[in-house]
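Chemist: One letter stands for each residue in the lines below.
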Amino acid sequence: MRRRAILGYGAAGVGAVALMLFVGWWQVDGPGGPEPVGQRPVALTEMDFRLTDHEGNAVGPETLIGRPTMAFFGFTYCPDVCPTTLSDISGWLDDLGDEADEMNVVFITVDPERDTVETMAEYVGYFHPGIRGWTGPEEQIARVADGFHATYERLPTESGDYTMNHSASVFLFAASGRFVTMIDYHEPREFAVPKIRRALEEEMEGAT
Amino acid sequence: MKKYILTSTLAALLTLGGFSAPALAGPEDVVVENAWSRASIGMNRPGAAYMTIRNTGDEPVTLIGLTTPLAMMPEIHETKTNAEGVSSMNPAGEIAIAPGESVALEPGGLHAMLMRLQEPMTEGDTFPLTLLFDDGGEVTVEVPILGIAARGPED
Ligand SMILES: [Cu+2]
Numbered sequence: 001m002r003r004r005a006i007l008g009y010g011a012a013g014v015g016a017v018a019l020m021l022f023v024g025w026w027q028v029d030g031p032g033g034p035e036p037v038g039q040r041p042v043a044l045t046e047m048d049f050r051l052t053d054h055e056g057n058a059v060g061p062e063t064l065i066g067r068p069t070m071a072f073f074g075f076t077y078c079p080d081v082c083p084t085t086l087s088d089i090s091g092w093l094d095d096l097g098d099e100a101d102e103m104n105v106v107f108i109t110v111d112p113e114r115d116t117v118e119t120m121a122e123y124v125g126y127f128h129p130g131i132r133g134w135t136g137p138e139e140q141i142a143r144v145a146d147g148f149h150a151t152y153e154r155l156p157t158e159s160g161d162y163t164m165n166h167s168a169s170v171f172l173f174a175a176s177g178r179f180v181t182m183i184d185y186h187e188p189r190e191f192a193v194p195k196i197r198r199a200l201e202e203e204m205e206g207a208t
Numbered sequence: 001m002k003k004y005i006l007t008s009t010l011a012a013l014l015t016l017g018g019f020s021a022p023a024l025a026g027p028e029d030v031v032v033e034n035a036w037s038r039a040s041i042g043m044n045r046p047g048a049a050y051m052t053i054r055n056t057g058d059e060p061v062t063l064i065g066l067t068t069p070l071a072m073m074p075e076i077h078e079t080k081t082n083a084e085g086v087s088s089m090n091p092a093g094e095i096a097i098a099p100g101e102s103v104a105l106e107p108g109g110l111h112a113m114l115m116r117l118q119e120p121m122t123e124g125d126t127f128p129l130t131l132l133f134d135d136g137g138e139v140t141v142e143v144p145i146l147g148i149a150a151r152g153p154e155d
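Order-wise, the sequence lines are chains A and B. Per full-length UniProt numbering: the first sequence = residues 1 to 208. Per full-length UniProt numbering: the second sequence = residues 1 to 155.
A portion of the hints provided could be inaccurate.
Claimed, not checked - With beta-carbon atoms standing in for the labels, derived distance ranges:
#1 A/P137 <-> B/G42: 38 to 46 Å
#2 B/E59 <-> A/E102: 52 to 60 Å
#3 A/E138 <-> B/D58: 23 to 31 Å
Unchecked claim - To give an idea of the interface, some chain B residues facing chain A are shown, with a C-beta separation under 8 Å as derived from the structure:
#4 R38
#5 G47
#6 G65
#7 T67
#8 P69
#9 M73
#10 I76
#11 I148
To be clear, the hints were calculated from the coordinates, so they are not data collected in a lab. Using N, Cα and C, we set each Cβ at its ideal position, and we do this for glycine too.
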């Protein structure tokens, strides 16, 4: 009796472990995977915002349609996460080589008060030449973040300044504007580059 | 008894010799390795510096603060990214390092946040950064300033 009970627990245990493994797979690699619930951006074709790129051109979601897009949020007064992400992206673009020329890469500021067009131009100039810097009025930035289901928040610092908390993931869209996947902050390059290729290939499938 | 040594002279010599300042604190208890930082654009933005701090002694050490002539408010910060992918940055407080353990200050985690720069951080320069420990010990490292797009001490 006691033994059977133990066997019973054993079977339940195996089942529980299998379930945990499945849940783990689902969350890590499977369809439940890298995008946290509720965090998926809508398609670029469903977004509506007006910004200015670092060369002074008027841009919006339609600017991105027709080529795959890599987009992310940050601000130029960010000492740690943003230069790291921009350096990572520069490295991914170097790895992609010519393929990188086929995509839009957009760095959107969440701190338009300090990140003027000129500031964005200087800042992106230090990274891969394919990276564009977009800024604009606060209410337009809010609309972009809405479409991406991204968040940002302004916080005072002890130095009397302020800093920004913000979504640090890199978002990938197909040329059609459809959201494909995201690259989480700190994701190793061996995962990031194949994800970018997936967004690039998605376009070709859509075109056939 | 914990021992610390001032390494600025050694590091300065190494820097002059063209090494990327491994900033060894020597054979004593606290060793700082692979220190690096990124160049700044002007003086209005905070800088960040990274390194590995190793406790080679047999007693715990606790890092309580930083000083540097480069910045009025240097502070150990920690970047955290939550389940929603949102990054935030906050003072890390005191950092205890157990005997034989090390703490890595690296992008996206702990960093020496250099607030209120007194001068721009120029690629190719170095600056002294002093780590303060709870027993009054200090270790000074000479931190190389790499390019804005640097990813690590080797860049
Ligand atoms: Cu910080």
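Chemist: With reference to the structure, classify each hint as holding or not holding.
Modeler: Hint-by-hint comparison with the structure:
no.	hint	in the structure
1	A/P137 <-> B/G42: 38 to 46 Å	violated, 24 Å
2	B/E59 <-> A/E102: 52 to 60 Å	holds, 57 Å
3	A/E138 <-> B/D58: 23 to 31 Å	violated, 55 Å
4	R38	holds, 6 Å
5	G47	holds, 6 Å
6	G65	violated, 13 Å
7	T67	violated, 15 Å
8	P69	violated, 17 Å
9	M73	holds, 5 Å
10	I76	violated, 12 Å
11	I148	holds, 4 Å
The structure fails hints 1, 3, 6, 7, 8, 10 (numbered hints given earlier, in ascending order).
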